[in-house]
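Visitor: First to last, the protein sequences are chains A and B.
The first sequence lines up with residues -1 to 326 when you count with our numbering.
The second sequence lines up with residues -1 to 326 when you count with our numbering.
It should be emphasised that the hints constitute simulated quantities derived from the structure, not laboratory data.
Accuracy of the hints is not assured; some may be wrong.
When chains are identical, the list treats them as one kind, so a pair holds in a single copy or across two.
Stated by the list, open to error - Heads up, simulated SDA-like pairs for lysine to any residue below, C-alpha to C-alpha not over 20 Å straight-line:
1) Lys0 / Met26
2) Lys96 / Asp166
3) Lys194 / Thr144
4) Lys50 / Arg159
5) Lys217 / Glu320
6) Lys1 / Ser324
7) Lys1 / Thr44
8) Lys96 / Glu320
9) Lys316 / Ala141
10) Lys316 / Ala176
11) Lys0 / Leu238
12) Lys243 / Glu262
13) Lys217 / Ala309
14) Lys270 / Ala177
15) Lys1 / Pro138
16) Lys96 / Gly318
17) Lys316 / Asp142
18) Lys270 / Gln180
19) Lys270 / Glu179
20) Lys106 / Asp53
21) Lys0 / Lys50
22) Lys1 / Gln139
23) Lys96 / Arg182
24) Lys270 / Leu178
25) Lys148 / Glu179
26) Lys316 / Glu99
27) Lys96 / Ala177
Protein chains: 2
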Amino acid sequence: MKKIRIAIAGYGNLGRGVESAVHHAEDMELVGVFTRRNPASLHTQTGVPAYKMEDVPSMAEGIDVMILCGGSANDLPTQTPELAQYCNVLDSFDTHAKIPEHFANVDKAAKEAGHLALISVGWDPGLFSLNRCYGQAVLPQGADYTFWGKGVSQGHSDAIRRIPGVADARQYTIPVDAALEQVRAGEAPVLTTRQKHTRECFVVAEDGADTAAIENAIKTMPNYFDEYDTTVHFISQEELDRDHKGIPHGGVVFRTGVTGLEGENRHVIEYKLTLDSNPEFTSSVLTAYARAAYRLHEEGQTGCKTVLDIAPAYLHPKSGEELRASLL
Amino acid sequence: MKKIRIAIAGYGNLGRGVESAVHHAEDMELVGVFTRRNPASLHTQTGVPAYKMEDVPSMAEGIDVMILCGGSANDLPTQTPELAQYCNVLDSFDTHAKIPEHFANVDKAAKEAGHLALISVGWDPGLFSLNRCYGQAVLPQGADYTFWGKGVSQGHSDAIRRIPGVADARQYTIPVDAALEQVRAGEAPVLTTRQKHTRECFVVAEDGADTAAIENAIKTMPNYFDEYDTTVHFISQEELDRDHKGIPHGGVVFRTGVTGLEGENRHVIEYKLTLDSNPEFTSSVLTAYARAAYRLHEEGQTGCKTVLDIAPAYLHPKSGEELRASLL
């Protein structure tokens, strides 16, 4: 069997996760990692070679799908449409408000070049989006809820680190149990931001820093913290490194709704993720969808798609016949 | 906007559920109910007309999708391929072991007639199957678990009713909390049938019946009860009618697995349904997939498909552009 030839663009946490996922996939092989750093400085986990990003055009013939592992703020808006000129591409673009614009740019580039592109692949956007779609379709008279956590928010951790006097920080987003239970019971509550999540911060202060001022700066920070009940713990760098090194995350998507002529019966659909490693799980989703991108392109499809456009069977290594016999 | 013209074949709990779901769907209209009973004897909830099953061929021009609401044991194996000759069809065939055979029969009939057929639509098979597929694809190194309940099993209730001396009965399948918690914690346990579910039976005995003999007959019944811890309660017909009239069901599909080069990170995916009415929820799934069947046929697709072959966006009334802006 011909293996699907995967390449990685960008070698951070996400790139390393894809490297590992492809390493374990029997129907895939990893061609190489493309980087804007000096390739000689990059030591991959599996020994797969690293190349300069500028080498993509000349090597594209040997790549079935390029998985982009850069960031949504600065990398993907330009990188995904650019690389779609050379090969099929896949990204995890997660700036929700800018997805329509990104889709249009990538769609144009991919269609012109005859390639297939899949954007916003991961768990949110991604698997959570699927569940919102299925949930709304099956229970049209109902309500949507998304809770995130317990998990590390990199954006909020970074925001704390920018406060004067802060040496390091880690922020956890935590869903409020009482709110989860209300939704789970089918009560369809209306919940404020504060009622849905709390925020817990572990902060390493610089020597002599004013911890009261730091705590106040965190709790009153607009958009990030002011609408939440926030707890701040000051700990040592050793404690932070020892107890808060992981990047766990997760969350729950609910669709609750009624059926019956008079809406007399209630139903709750709950989709819950509990993840030890946020980037590695995202990488695993990307790798499964790379299989779909390859197959769709083999069928002659081009342009940009999202997870909402992909039938589940395309993600699975087994044939349709095997899936019907074993999974239905 | 042209509405999708839906017809129902068979008017039991499932048929009534579809009638209600279509009634609430803005992009659909219900053409009629087809029955093997005398149509004049059938009083529909919404006043939609009833027709003889023999009228399908002459009325098929006015039907976009026929939703079959018969049983898997006796109706669907012959009905689905037969009706696929006349229009696009959809069924909830749920005899897991016979799905490949049913698929082949329906596929042949639908392809010959140029229609689209969707089989085994519901929640298991159906939404649970989707989650098994997504879960295995995203976490290839892992384990699958399906728990059913708490809910009424019609098959087990019927089996109890066939015991001499039993006037009526209702059986609940209940997942074992300790097993759920082990799976949820990512422990990947190996579980026996007995460790996963218990069975609780509410039985109305005939006057003078030997309740000890009935209880023994239930608990030792091969396949149905002998491998489970079973509790039997004898109650009056009034109590059964008052407290056990509903048809709740539900269940959980888990995929647990590891990522990382050495499998060092654990992840748990949990998909849980809590349903007040098993048939009405199944009807709602059928109705959403009827939209997909219509759209796929409009695109020129024919033959038999299952939920694994359908991209999520096809189920949702909104356009791809609206979905990308609101759901991703």
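Visitor: Of the hints given before, which are not true for this structure?
Guide: 2, 4, 5, 6, 10, 11, 13, 20, 21, 23, 27
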